[in-house]
Amino acid sequence: MSQIVIEVQNLYFYYEQHLVLEDINLKVEKGDFLALIGPNGGGKTTLAKCILGFLIPSKGRVFLWGKEIKNFKSWHKIGYVPQRAGDLIDSLTPLSVKEFLLLPFKWYDISLKPSLLDKLIEKFGMKNLLNKKIGELSYGQLQRSYIVRALISDPEILILDEPSVGLDFFTQEVFYETLEEFHKKGLTIILITHETWLLTKWVNKVACINQKLYFHGDHESFCVMAKKLEFFREYHKIEHTHW
Amino acid sequence: MEFFLDSISLIKWGLLSGILLGISISFTSPFLILKRNALFPHALTHIYFLAVFLTSLILYKLPLFLSFPFIVVFTLLFTSLIWILRRYTKFYEDTATSIIAHLALGLALIVAAKTYQYDARILSYLFGSLIGINYKDFCESLIVFFFTLFLFYRFYPLWIAQITDKELPGLDFKLANFSFLILITLQIIIGVKLMGVLLVSVLFIFSTTFVLQFIKSFKFLIILVSFLNIIGILGGAVISIFFDIPFSGAVVIFMSLYIFISFVWSFLR
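Taken in sequence, the protein lines are chains A and B.
Per the working numbering, the first sequence starts with residue 2, numbered consecutively.
Per the working numbering, the second sequence starts with residue 680, numbered consecutively.
No lab work stands behind these hints, which were simulated from the structure alone.
One or more hints might be untrue.
DMTMM-like cross-link-like pairs, simulated, lysine to aspartate or glutamate; straight-line CA separation at most 25 Å [what the hints assert, rightly or not]:
#1 B:714 to A:155
#2 B:714 to B:773
#3 B:845 to A:137
#4 B:714 to A:100
#5 A:186 to B:773
#6 A:60 to B:773
#7 B:845 to A:219
#8 A:78 to A:155
#9 A:71 to B:846
What the simulated footprint calls covered on chain A by chain B, stretch by stretch (three residues with Cβ under 8 Å from a Cβ of chain B suffice, anywhere in the stretch; the number is not a length) [as the list claims (entries may be wrong)]:
#10 104-117
#11 120-131
Beta carbons: idealized from backbone N, C-alpha and C, even for Gly.
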């Protein structure tokens, strides 16, 4: 039986008076490549932020490797690429790409694995960028830098919040192929996305959220479910979605 | 030359204090600018101004050395109003900062006028004085300098994290940000005596803005900013002596050279 690395129990989250998440129960197993999908404002990012400890649930609990989040210490085991990563970076940011990539070693009590660093730099085509100023990178290069930085501490879970927004199709392909390689080597990935073509190609689990968790299972079952009109009606409380 | 050397002996504590302050500020100013918070030190000086008058109102019969902790506490209390205003009214950070700064300045003037403190001392608070710095002030600068080194060593990773990220798993920025606020407050308190309420924030902005234009690595940023702050203070002192102009004004004129070079640099690039 696979190890459960993330468990969310009866989670509710209110933003001021507004209910964002309602009774979410979710288990993520080691080695899952889970796509977290749902309409805008459906609570995907809020759920990820509860899992990462950025937001405290109004009710319910989150466990990481069986430990309740408030007692969890090994945060270096979780890599995170936020939505709109790089928003704070501009041409004045006084960091070289190399300094930026090595920041996790200042934050967490971990040591650098030079072979992993070399491999990631090679894989994501960052070799010629290392001495550049981080603010001089293009959007795609900056996204790649955030992903490399998230992987550099050799995490066991990687949480990505719409990482490929703004990337061209070719770069997206390369990006997801690389993620798939890490996934095959045992990395658990949670991917928040709107790109439904990913569901059939890369991921093996799908969770649909629109305030409630409407579906959680493997992607084959999801496709069967999705064909049923009833499911769409249920899921699409907002009618303009592109499903 | 003899006149110059005589002047130096008069202002030696001021210069030494200024050098230490210039170095201390170079450890904090990059974070302020990169977090788009360059106006914050200026607002803090206004709040400090109120804290000084309130402290002197309360402590007029007590020894002077007791005033320092009171001023720090009052300044921090009023500064926390910025945070409270932001949290409960959802004003932008610079709006909340501006409101509290102006409120503090207005109250300070009223307190000063109503407690018979509205005299020549106000000018010294507003524009500072190089000659007015004594051995005690120098010792305070030294303490703030070592305190800056200690806090920088302790919290640097968390301060730098906020340049690139809003949130990071497992990192709590609260203590790091509170320590940063205390540090800026202490630097302002030391700096106001030298540069005055109105001009001390120059030391936080001019050199750092200049260096950020071309520096690629954080390693050298602090060294260069320290160097330029020291040059600015020494250069300002020399101009002030030779042309018989106020020290803080002379420092601003000298350091504006950095901004001019920045402008030419951007233009040529």
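Each hint tested on the structure:
no.	hint	verdict
1	B:714 to A:155	violated, 29 Å
2	B:714 to B:773	holds, 12 Å
3	B:845 to A:137	holds, 20 Å
4	B:714 to A:100	holds, 18 Å
5	A:186 to B:773	violated, 47 Å
6	A:60 to B:773	violated, 34 Å
7	B:845 to A:219	violated, 33 Å
8	A:78 to A:155	holds, 7 Å
9	A:71 to B:846	holds, 16 Å
10	104-117	holds (count 4)
11	120-131	violated (count 0)
Consistency note: the structure conflicts with the earlier hints numbered 1, 5, 6, 7, 11.
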